[in-house]
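Novice: Sequence:
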Amino acid sequence: EVDRALREFFDDEVDAAADHADVSERKLREWIEAELISPSGVRTQVLREPATLGKTDAAIAKLVDAHLLRSDRRGGREWVELPHDRLVAPVRAANREWATSHLKPFQVRARHWREAGGDHARRLLLQAEELGPAQAFASDHEDDLTDTEKEFLEASAEEVKRRAQRQKERRRAAITKWGLAGALVVLLATWVGVENFQKAKAQARADLSRDLSGVRELDSTGAALKELLRLRPEAVKADENGSLPRRVDNAL
Numbered sequence: 001e002v003d004r005a006l007r008e009f010f011d012d013e014v015d016a017a018a019d020h021a022d023v024s025e026r027k028l029r030e031w032i033e034a035e036l037i038s039p040s041g042v043r044t045q046v047l048r049e050p051a052t053l054g055k056t057d058a059a060i061a062k063l064v065d066a067h068l069l070r071s072d073r074r075g076g077r078e079w080v081e082l083p084h085d086r087l088v089a090p091v092r093a094a095n096r097e098w099a100t101s102h103l104k105p106f107q108v109r110a111r112h113w114r115e116a117g118g119d120h121a122r123r124l125l126l127q128a129e130e131l132g133p134a135q136a137f138a139s140d141h142e143d144d145l146t147d148t149e150k151e152f153l154e155a156s157a158e159e160v161k162r163r164a165q166r167q168k169e170r171r172r173a174a175i176t177k178w179g180l181a182g183a184l185v186v187l188l189a190t191w192v193g194v195e196n197f198q199k200a201k202a203q204a205r206a207d208l209s210r211d212l213s214g215v216r217e218l219d220s221t222g223a224a225l226k227e228l229l230r231l232r233p234e235a236v237k238a239d240e241n242g243s244l245p246r247r248v249d250n251a252l
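The sequence shown: position 143 = 143 (our numbering), numbered continuously.
It should be emphasised that the hints constitute simulated quantities derived from the structure, not laboratory data. Just so you know, nobody snuck in bad clues.
So the derived label-pair ranges between C-beta atoms look like this:
id: 1; residue 1: 167; residue 2: 112; range: 20 to 28 angstroms
id: 2; residue 1: 65; residue 2: 163; range: 45 to 53 angstroms
id: 3; residue 1: 41; residue 2: 180; range: 53 to 61 angstroms
id: 4; residue 1: 100; residue 2: 180; range: 45 to 53 angstroms
id: 5; residue 1: 170; residue 2: 112; range: 25 to 33 angstroms
20 angstroms max Cα-Cα, derived SDA-like pairs, lysine to any residue:
id: 6; residue 1: 27; residue 2: 146
id: 7; residue 1: 27; residue 2: 15
id: 8; residue 1: 27; residue 2: 148
id: 9; residue 1: 27; residue 2: 108
id: 10; residue 1: 27; residue 2: 61
id: 11; residue 1: 150; residue 2: 162
id: 12; residue 1: 150; residue 2: 111
id: 13; residue 1: 161; residue 2: 128
id: 14; residue 1: 27; residue 2: 45
id: 15; residue 1: 104; residue 2: 139
id: 16; residue 1: 104; residue 2: 133
id: 17; residue 1: 104; residue 2: 131
All C-beta atoms, glycine included, are put in the ideal place defined by N, C-alpha and C.
Taking the hints into account, I'd like the entire structure generated from these sequences.
Specialist: If you want it as structure tokens, here you go:
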């Protein structure tokens, strides 16, 4: 398959050129994609300036010799480009595959984050459990990180902080809500208890009043006295300051 063959050709030559010039293969790949391919997928030319390129210039020379890049001299200046439009898609695909197998997941996501926008970019930011390991790796490999990856980590840290604050506020609101609900439940239970207590006392007074009325029907030999003595404590309990104890006392 042509695309596969072109990807393999690109991989082999970039690896050899990076090794030859003692430069980062990653940076060489990213330079080719960023400088020689537009965001819309069109081949572009870039001015070759050895003083600016540094060691990367030796890698470019190697790629020109391998016919992966083409050099075009005009007006005493040299321009570099991919030799054919047919290479654009294979170069991008090869770089994606290389990044997936050689970079940390957060580095791959940083690249997508840079290309995304709005809510989609925000969803790509790291979660709290992902941020710690990524920051630890960044601390140990600071020189290997791109500006985009550093910005991605900073944006992720800010987002994690915002998420934690929102969660804290939601917990506080929930505690307040359930606290109020609990207070209402206690208040309602107290009110129900008082109501039931009052109803029970009213029923007890009604029962005692009925029993006192029944005493009149007892004989006067002593049965009435015993019944009144039995009812006396109950009358005090049911109506401490009311008429029932007085009725019992009067009958005694």
